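So the sequences go chain by chain: G and X.
Under our numbering, the first residue of the first sequence carries the number 50, and numbering increases by one thereafter.
Under our numbering, the first residue of the second sequence carries the number 9, and numbering increases by one thereafter.
Hint data in this document are derived by calculation from the structure and do not stem from the laboratory.
Given the structure is predicted, the values throughout are model-derived calculations rather than measurements.
Hints should not be assumed to be uniformly reliable.
A few chain G positions that, by computed beta-carbon distances, are all more than 10 Å from chain X [stated by the list, open to error]: (1) Ser74; (2) Leu82; (3) Asn86; (4) Tyr87; (5) Ala126; (6) Ala135; (7) Leu138; (8) Pro140; (9) Ser171; (10) Arg172.
Coverage of chain X stretches by chain G, computed from C-beta distances (three or more under 8 Å per stretch; other residues unrestricted) [said to hold, decoys possible]: (11) 40 to 53; (12) 57 to 68; (13) 78 to 87.
Per the computed footprint, the stretches of chain G lying under chain X, defined by three or more beta-carbons under 8 Å from a beta-carbon of chain X, are [to be verified]: (14) 161 to 170; (15) 174 to 183.
Glycine included, each C-beta is placed from N, C-alpha and C at the ideal position.
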Amino acid sequence: MLTVIAATAATAALAGGPAFGMAASPAAYDAALPHHNYTIRVTNLGTRAERVRAALTTATSSTGVNGVGCSLGRSPAWASLAGPAAFRLGPHRSRTVLIRVGSAPAGRSELVAAFVATRPHSRGAVVTSGGVGTALRFAQPGRTAHAGRPCAAVAAPRPPATSDAGLPLEAGGGAAALLLVAGFIVVRHRRRGRMTT
Amino acid sequence: MRNAISMALGLAAAVAALLVAIAGPALAAGSPVSVNAVVGESVTITGLTGTVSFPATVPGQTAAITGAEAYTVGTNDQAGYTLTTTAGQPAFTDGGSGATIPDSAWVVTETGAHTNAYNPTTSGFTVGTTTGAGSDSYSENWSLAIPSGQVAGSYTNSLTYLAIGN
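Excised from the complex, chain X in its bound form:
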């Protein structure tokens, strides 16, 4: 019985020694473990208010809003993004009378990441193009020159902001 136990202990010790011998060199050499990390890319736009209302203005005067829109566009794409704005209609329209104010009377002045001023159109305007990852804050002042003799009413239009990865 004692011999059997001794033999078993001896065998176990031999196996353990063999395992250490096999594993030892690899651990000692510090074999590298490859680790890959894949980060998905995306493009985002946040912060648009949804509705902007010009103050009531008499014909011949200009309605203006400071900080009409403030929003952020960003991407982690190394090629950056392109931001465009597009007017929904070629003119502001009063639903009651059908009277219009052309988009040429509408000026959007960018004061944030990209500074420029433009008349929104239905064919689109490129507000900014970036060439690297990052996010930019945009801020806009709007104005609408009300033509003389303009019919009183509630005039409506829309503006769509579209950010596309480059």
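Next up, chain G with everything else stripped away, as it sits in the complex:
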């Protein structure tokens, strides 16, 4: 038997078009199992680096068409994200995130892993940011997993940082460390110079 695996994204970023774009793959795990690990691939389809916040939450109730079933920041004790809760994702770069699932309690048949870009504050304006999420639905006898449950994403914009001027925070830290090392070498060199003269 010949197996051809061809993974494709639903849509691609328009050439020369919008700067923002994110994708999560797969879109859902419809038959997730307790005590299993699941991977989600997060891709920055945009043309600039994004600071991404990852969050896990459960859908606990349905309150109608416009009701809110879940709210980010309420991470359940029975599931966890492997890796940092926030990370930087460069343009057109992907990152695989592992979800560790423990015992999904009865009555909570859905877990949402959301990845939201966090943007810096902008005085006198509304900062808009986007995110994508993957729903893990657990098949439980006698229960029907809910589909299409809305999920509120409370992602407070981060304050202005050095990275917004184009220098990533990580790069900034690296530069500071380099400066310290360079300074140390210069001081030591001068002291040696004094000793020899």
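Model the placement of chain X on the given structure of chain G, informed by the hints.
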């Protein structure tokens, strides 16, 4: 020597005939080769601008922006996606004076794939839910009614769009 060559040629011919006999029926019958293609599913959101600024407006008037945001949400998941928006704060806040304008004064009117109008809230609003694969273009007009007597300042808030596969 000639006999040896003849024997070798004869043996080679016999082996070739045997191979053709073995392979022949299978090729002639056209045995099918199974081919599976697995297409990964994903959900995407593209095109958000990042910052939207209302024009300076005096108290008692309404600031409005046509086409404040235009973006695309799509999935190749056969179950579709759900798109929600969530305000970052319950009110616009001026960092200097601390004065606020409640989110109830903020109206987002969807004119694209799903048409509706709503006040963004911190508990979220479902902009649209689809039931099949495909992508949709969204376009929004925004307005903010500035209350009478509102303190002058630069008011800030945020709005997060989240698309989740169904």
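Right, here's what the structure says about each hint:
| no. | hint | in the structure |
| --- | --- | --- |
| 1 | Ser74 | violated, 4 Å |
| 2 | Leu82 | holds, 18 Å |
| 3 | Asn86 | holds, 17 Å |
| 4 | Tyr87 | holds, 13 Å |
| 5 | Ala126 | holds, 22 Å |
| 6 | Ala135 | holds, 15 Å |
| 7 | Leu138 | holds, 14 Å |
| 8 | Pro140 | holds, 13 Å |
| 9 | Ser171 | violated, 5 Å |
| 10 | Arg172 | violated, 5 Å |
| 11 | 40 to 53 | holds (count 13) |
| 12 | 57 to 68 | holds (count 6) |
| 13 | 78 to 87 | holds (count 7) |
| 14 | 161 to 170 | holds (count 5) |
| 15 | 174 to 183 | holds (count 10) |
The structure fails to meet hints 1, 9 and 10 from the earlier list, while all remaining hints are met.
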